[in-house]
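Residue numbers (the working numbering), protein chains in the order written: chain A, 17 to 408; chain B, 121 to 536.
Hints in this document: simulated from the structure, not taken from any laboratory.
Virtual Cβ for every residue (Gly too), placed ideally from N, Cα, C.
Be careful, since some hints might not be right.
Derived contacts from chain A toward chain B, CB cut-off under 10 Å, selection only [as the list claims (entries may be wrong)]: (1) Ala161; (2) Gly165; (3) Asp285; (4) Gly397.
The lines below spell out each chain.
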Amino acid sequence: MNGFGNVSGARGLTALSGSESPPSPGSEPGTVDMMVNMGPQHPATHGVFRMELRVDGERVLDLVPHIGYLHRGSEKLCEHELYSQIITLFDRLDYVSNFNNELVLVTAVEKLMSVEPPPRAELIRIIMCEFNRIASHLLFYGTFAIDMGAMTPVLYNFRDREKVQALFESVSGARMMHNYFRVGGVKQDVDADFAARALTLCDDLERGVDDSDRLLSENAIFIERTSGIGVISGEAALDWGLSGPVLRASGVPYDVRVEEPYSRYAELDFGVPVGSAGDCWDRFYVRILEARESIGIIRQAIALMEPGETMARVRQIARPPAGEVYAHCENPRGDLGVYIVSDGGERPYRLKVRPPSFCNLQALRDLTVGHYIADAVVILGTLDIVLGEVDR
Amino acid sequence: MSAVDVLIAFAGLLGLFTGLAVAVLSLTWMERKTLARIQQRAGPSVVGPHGLLQPVADAMKLATKEDIIPAYADQLLFWAAPLFVVVPAFLIWVAIPFGDGLSVRVLDLGLLYLVAISGIGVVGLLMGGWASSSRYSMLGGLRAAAQLVSYEIPLVVVILSIAVLVQSLSLDAVIGGNTITVGENTRELQGQGSIPFAFVMPLGFVIFFIAGLAELGRTPFDIHHAESEVVGGPFVEYSGAHWAVFFLGEYLNTFVISALIVILFFGGWSWPSPPESVFGTGLSDATTNLLGGAWFLFKTYIVVAVIFWIRGTYPRLRIDQLMSFAWQVLVPLSFANLVLIAAVLFYDWPLWVMTLLSLPILFGAAFGVQRRRGVRGRPRTVRVLRKSAGEIGRPVFSGGKPGPGGVITTPSQAGD
Numbered sequence: 017m018n019g020f021g022n023v024s025g026a027r028g029l030t031a032l033s034g035s036e037s038p039p040s041p042g043s044e045p046g047t048v049d050m051m052v053n054m055g056p057q058h059p060a061t062h063g064v065f066r067m068e069l070r071v072d073g074e075r076v077l078d079l080v081p082h083i084g085y086l087h088r089g090s091e092k093l094c095e096h097e098l099y100s101q102i103i104t105l106f107d108r109l110d111y112v113s114n115f116n117n118e119l120v121l122v123t124a125v126e127k128l129m130s131v132e133p134p135p136r137a138e139l140i141r142i143i144m145c146e147f148n149r150i151a152s153h154l155l156f157y158g159t160f161a162i163d164m165g166a167m168t169p170v171l172y173n174f175r176d177r178e179k180v181q182a183l184f185e186s187v188s189g190a191r192m193m194h195n196y197f198r199v200g201g202v203k204q205d206v207d208a209d210f211a212a213r214a215l216t217l218c219d220d221l222e223r224g225v226d227d228s229d230r231l232l233s234e235n236a237i238f239i240e241r242t243s244g245i246g247v248i249s250g251e252a253a254l255d256w257g258l259s260g261p262v263l264r265a266s267g268v269p270y271d272v273r274v275e276e277p278y279s280r281y282a283e284l285d286f287g288v289p290v291g292s293a294g295d296c297w298d299r300f301y302v303r304i305l306e307a308r309e310s311i312g313i314i315r316q317a318i319a320l321m322e323p324g325e326t327m328a329r330v331r332q333i334a335r336p337p338a339g340e341v342y343a344h345c346e347n348p349r350g351d352l353g354v355y356i357v358s359d360g361g362e363r364p365y366r367l368k369v370r371p372p373s374f375c376n377l378q379a380l381r382d383l384t385v386g387h388y389i390a391d392a393v394v395i396l397g398t399l400d401i402v403l404g405e406v407d408r
Numbered sequence: 121m122s123a124v125d126v127l128i129a130f131a132g133l134l135g136l137f138t139g140l141a142v143a144v145l146s147l148t149w150m151e152r153k154t155l156a157r158i159q160q161r162a163g164p165s166v167v168g169p170h171g172l173l174q175p176v177a178d179a180m181k182l183a184t185k186e187d188i189i190p191a192y193a194d195q196l197l198f199w200a201a202p203l204f205v206v207v208p209a210f211l212i213w214v215a216i217p218f219g220d221g222l223s224v225r226v227l228d229l230g231l232l233y234l235v236a237i238s239g240i241g242v243v244g245l246l247m248g249g250w251a252s253s254s255r256y257s258m259l260g261g262l263r264a265a266a267q268l269v270s271y272e273i274p275l276v277v278v279i280l281s282i283a284v285l286v287q288s289l290s291l292d293a294v295i296g297g298n299t300i301t302v303g304e305n306t307r308e309l310q311g312q313g314s315i316p317f318a319f320v321m322p323l324g325f326v327i328f329f330i331a332g333l334a335e336l337g338r339t340p341f342d343i344h345h346a347e348s349e350v351v352g353g354p355f356v357e358y359s360g361a362h363w364a365v366f367f368l369g370e371y372l373n374t375f376v377i378s379a380l381i382v383i384l385f386f387g388g389w390s391w392p393s394p395p396e397s398v399f400g401t402g403l404s405d406a407t408t409n410l411l412g413g414a415w416f417l418f419k420t421y422i423v424v425a426v427i428f429w430i431r432g433t434y435p436r437l438r439i440d441q442l443m444s445f446a447w448q449v450l451v452p453l454s455f456a457n458l459v460l461i462a463a464v465l466f467y468d469w470p471l472w473v474m475t476l477l478s479l480p481i482l483f484g485a486a487f488g489v490q491r492r493r494g495v496r497g498r499p500r501t502v503r504v505l506r507k508s509a510g511e512i513g514r515p516v517f518s519g520g521k522p523g524p525g526g527v528i529t530t531p532s533q534a535g536d
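All chains, full assembly: derive it from the sequences and hints.
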């Protein structure tokens, strides 16, 4: 990319000169395109994401994403940690859906070791993951609304997310970086009043999701800003390797929980919201409906819970046999996979993460080009990336 | 003009300046408190009782902050731009009547003066946007120019309708009773002492309110300083006192549009009844004016609160939607309003005919806007496939490998 091309504004054309980009074919004679640099400190890029926009007035002609500002070398770090320590690193990948990340790792290691966690532990995991999915989606509704200039929903959603985190804290001891799942189960059993509190929380969240639904999706401005914006077809979405709500919004009913049921999802009945337009509206509304389905899953899982063990009999320091394994789960953002190569030691030989945010982000340019600058922000919002996961 | 007159005018300006500065402080506090209440927060609560001194603390902070002028900025224009916003915003208030003939300067051409002065502000935004030499401020400045110029037209045409209705450009005439002569007929127009013009021309009121919001650059028309897009637009490079002056101008404009709504459509200080008829005529002139002014300000603050309320509720329009709304909806409607009021006066119909004619147009337009844009409630494009109903669970990747150009069989149940 040609960096900063021509500059508008005072002394711009000479002062900040770089290579000037030639006028695009569509623009009028005598005009030049402008480069706009968004991020990594832009309020709408959801973290340290940077995009270079080439714009003709308000129209986006080209977009180049730049990632890597939050690169911490997580995958390499994992090669130097015990499996139990890697759980804490996975908490920090997608830092708004920590339980879902932990689940992928412990599922992979259990698969490698052929360990079966006790049924109660599996249900606790499912409940935690689904609560986390709701919390993550609540955050999405709020930040998405902020991207569009509505500042109120995010505060309501933070109120509800706070309640979820309070429950997480009582279960795991931490609001966000839980480190609660273990290879073979969970760290400790939940309290006696857990079921009652979780059910109350379900009611609260149902109201919270309804609030977001009514405040945003009934609003004509909101509909007009999202409907028909950033359309991607099901085929293109699959070609890009998109997953999660972004893929389902394009009409592909692919949900790992249904296609390759892990944990005890096969026993639970739930719906998978699928869009048909593949636009920003569908990507938003799929998430609203998904949160409601998650509440249903939690209620079923609580009904299934019976007293029992929460930890299988495994060594404190897991030492899986030599071999390799790939496990993937349905994260709030999509299909999170982990590939582990073990040489029989207590640390993985190689660990590779398949991050849904990263894959979803790839489609950003195709989705955005031709739209307005304001739409670029909205489209990026619906992809709902978490930079901790994109950069790792 | 004698020395005394000059002194009185000077004292009036000084009083106006002080009063408006206090009003702006109160507005910032009120905005933050209102938004906080809407958003289930406490808002400012530490500095002073109920955070009442927060605006003072903010003002002191801003005044003492370093005033940075970027190296690549056009120094002079950058420095002067805030003045082009704030000075007109102050000047408008010279003509605003707080009571019966109680304004710093009673202008017979008050409405013309308002329209003329309020057009200057956009120059300041454009100057600031250009002089900052930042692409965000450039985009913001151009957005502001396009938006403010477009929405000025419906605004002015509605003001023109009011002028036609009262047959005068004087703000006092708009508020109080007036005699108008149409052709052979002379009749008493009760002004807004009896019926506020919001009820006489509801269409004009709605147009004025919407266009006024856009003139202010307030939600849902805040595209020129949209934080999530152009990060503050023309203000992005400003700091310290210059930034404060910009925002002084913004809040003054908010206040003035609210005051204009009250004056033009809700009878200013006099509706529903002037102080004399409530408290009797025994009061001194000063007390009467004070009561009238307080009532006027109270009404203005209510309008301001509605504007803040809208800010806490709505998302923002996109620039093309905003421009097409101005040119395709508001401009034609405002001219329709002007023609209607002219016809009503020409044929000497009673004023309720105007109301009757306006309301169908207003509701028809609202309906048309919804229909024309295809917004009929939420799109019904998402449906839930249930596992138990067997609608989902068949493999997506049946046969072939997924990939570019591969044989992907997207299930037929997906789209239909």
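Restraint satisfaction for Asp285(A) [CB to CB of chain B, less than 10 Å]: Nearest chain B Cβ about 5 Å off; hint holds.
Minimum beta-carbon distance criterion (10 Å), Gly165(A) to chain B: 3 Å, holds
Restraint check, 10 Å cut-off on beta carbons, for Ala161(A) near chain B: With a closest approach of 6 Å, the Ala161(A) hint holds.
Agreement of hint Gly397(A) with chain B interface, Cβ distance less than 10 Å: It holds, given that the least Cβ distance between Gly397(A) and chain B is near 9 Å, below 10 Å.
Of the numbered hints stated above, none is contradicted by the structure.
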